[in-house]
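*Asks:* The lines below spell out each chain.
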Amino acid sequence: MLSTDRRHVVLPAHAYFARSWFDVEQTQVTETTWHRGSAGAHTASWQGMDFFSQRPSESFEQALGALPSGMGSFRPSLLAEVAAVDLDGRFNWKLFIENHVDVLHLWYLHDSTLAGFDHTQFRHQQFGPHWASYEPAVRADAMAAATPIRHIDDRDRNGLGAHLLFPDTPMATSSGFFATYRARPVAPDHTVVELRVFAEPGAEPEPLVADITAFIREDIHACERIQEVVRSRHFEVGPLAAIHEAPVVTFQQNLLALMSGAIL
Amino acid sequence: MTATNFPSSSSSQSQDSRGTDDTQYLLPPEAYYSGEWYEREQRELFATTWNLAAYESDLPEPGDYVPVTIGLEPVLLVRGDDQQINGFVNMCRHRGMALMGEAGHTDGNLRCFYHGWEFGTSGVLRRVPQRVGQFSSIDLDEWGLIPLSTAVWDGMIFVNPSGTAPPFEEWLGDYPDYRGPFDVAQLEEVMRLRVPIGCNWKLYIENHIDVLHLWYLHSETLGMYDHANFMHHKVGMHWASDERLRKEDGEPIARDRGLPPITHLPDAERDVLRANLLFPNVPTSSSENLFMTYQVVPTGPTTSSTTSTTSTTTTTTTTTSTTTTTTLPPAGYDYCNTLPTTYYTAGGFGPGNWSAQHYSNRNLNDSPTNATETGLPNVLAEPKDSTSAS
Chain A
1 MLSTDRRHVV LPAHAYFARS WFDVEQTQVT ETTWHRGSAG AHTASWQGMD
51 FFSQRPSESF EQALGALPSG MGSFRPSLLA EVAAVDLDGR FNWKLFIENH
101 VDVLHLWYLH DSTLAGFDHT QFRHQQFGPH WASYEPAVRA DAMAAATPIR
151 HIDDRDRNGL GAHLLFPDTP MATSSGFFAT YRARPVAPDH TVVELRVFAE
201 PGAEPEPLVA DITAFIREDI HACERIQEVV RSRHFEVGPL AAIHEAPVVT
251 FQQNLLALMS GAIL
Chain B
1001 MTATNFPSSS SSQSQDSRGT DDTQYLLPPE AYYSGEWYER EQRELFATTW
1051 NLAAYESDLP EPGDYVPVTI GLEPVLLVRG DDQQINGFVN MCRHRGMALM
1101 GEAGHTDGNL RCFYHGWEFG TSGVLRRVPQ RVGQFSSIDL DEWGLIPLST
1151 AVWDGMIFVN PSGTAPPFEE WLGDYPDYRG PFDVAQLEEV MRLRVPIGCN
1201 WKLYIENHID VLHLWYLHSE TLGMYDHANF MHHKVGMHWA SDERLRKEDG
1251 EPIARDRGLP PITHLPDAER DVLRANLLFP NVPTSSSENL FMTYQVVPTG
1301 PTTSSTTSTT STTTTTTTTT STTTTTTLPP AGYDYCNTLP TTYYTAGGFG
1351 PGNWSAQHYS NRNLNDSPTN ATETGLPNVL AEPKDSTSAS
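Taken in sequence, the protein lines are chains A and B.
Counting along the first sequence from 1, when you hit position 153 you're at 153 in the working numbering, and nothing is skipped either side.
To get the working numbering, take the position in the second sequence, counting from 1, and add 1000.
If we strip away everything but chain A, and leave its shape as in the complex, we get:
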């Protein structure tokens, strides 16, 4: 587990991402391996999180693009890391990302855990390969946090944000937390979801982790159930929702763009 004042967002060293900023060590990085194992890596910091790439083809600012503008008023650098939890899932990491940017499933898979949000008001937007979204709470009191984040504005205090730092790091925000949950592939059909929760210093971590893992565990269950079928000779995906599943297609387009020439 990393210290709370050095938050390294570590993305997988996947050969197909060789031109990306997000092409770094597959194992979690500590201060020691940062220097020993990543000699020559390009580094950058943003909002208290460290990023690095072995062979970047563009600056970090170019890679990040306009995503920060879609993430609202949150400034993670002002928060403390209050919890880090690894969740094990028997699925390919891409299923987890595709699930994250799938708006349609909110009504059904999360019909209980996210029922407090008005999915009909869900808004989402691509920022290059990244993705950001927001939906308001049905009732303002549904967002009451024991230790609300002080620096965020009313919009963010009364809604839920879900974002993707392409390719593999979903984020979620609410009145009480800013969370990242990177999908770290450990095998073709095995992924570790690395949840890290940031909140006001002194915030109780247990209820925050319980709230977040409630819907993440539902996502993991869904991904595992698709993984059960994906090797069938009959497996195929049918028609997708015109709007609510469009980000799934965009994610795949961006992934294939990076992997072109490698396997396609």
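Worth flagging that the hints you see were computed from the coordinates, not collected in a lab.
For every residue, glycine included, the Cβ atom is placed at its ideal position computed from N, Cα and C.
Nothing false has been slipped in among the hints.
For the chain B half of the interface with chain A, some residues (derived, Cβ under 10 Å), not all of them:
{"no.": "1", "residue": "Ala1047"}
{"no.": "2", "residue": "Ala1098"}
{"no.": "3", "residue": "Leu1099"}
{"no.": "4", "residue": "Arg1111"}
{"no.": "5", "residue": "Phe1113"}
{"no.": "6", "residue": "Trp1117"}
{"no.": "7", "residue": "Gln1130"}
{"no.": "8", "residue": "Phe1135"}
{"no.": "9", "residue": "Ser1137"}
{"no.": "10", "residue": "Trp1143"}
Derived coverage of chain A by chain B (criterion: at least 3 residues anywhere in the stretch with Cβ under 8 Å from a Cβ of chain B; other residues may be distant):
{"no.": "11", "stretch": "99-110"}
{"no.": "12", "stretch": "215-228"}
Using the hints, position chain B against chain A.
*Replies:* Then chain B, alone, in the frame of chain A:
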């Protein structure tokens, strides 16, 4: 990864000492431990042949459903309003989700928990939530559940997940003539037992159709039978056998199996023990007291799971049918542990009626299910030298 060469028949022993062509072991050792063989059997054997999937009694009422996995294929069995049992690919046609996770019952539709698509028990797509605005051009008739070839025989439900299945009757062939005079519909399942075992599934099957071991491995448990007059028959790709109790003073020796005799059997069947195989992985056995199936499902290159069902006459009240899982290995499976060695080779088999293993080996190699749809060479018959130990 270790490269292993399968010793050829001329490597160290003469043809005479190894036996004739009909008594030589055909499969290489890696067939019993390599991940490659395991994967290919999943795709090319179990996905393309008829498989025992469940029992009629598992779905007694319309609306009952049971998900099962055959090889790599997710299968959903559903009893429809017309009482017919239908098999489908257990996959929502929207995002490929495994539709139903466990056995259950519905009075309405089968609903996918991911995005709410609903299918009737006949497989038809009945409802797509948010159709207006999100799926405006969808034709519901095009996106029903994918049907699979399904057949019911003797209380057993068989599924061929290939999509190009030969008729079930053709696969079954003359096997019913060799089952014995059992009316399975009159029997009641009184026990279902699942046993994980530490060997490749084919070892279990080859043991089942090995007559020679009856004298030795089962000298105590089956010593009351007259193995010298054991009769067995090739029935297409299946196998059937029978033997009778030994006689003492002109009468079959007594035995007590703790169950009452099956009432509808003729007297001539009272002292008969039958052991059959529905190819590739469903051994059965029967006697005057019981009728058993024990399906062997591979769970890995060197692991399997047997599920045995025991049925007997409906007058018995010995126990309620439940599924029990035990970790106790059946006797005799130490043999399995000797296989993953570089030096393993099988010697000659007994002649004549002791060559059933050879028969099973040859069925695997000759099976039409082994003819790959991709046109790849038949590697089950011509295994590669390189192997990967699991």
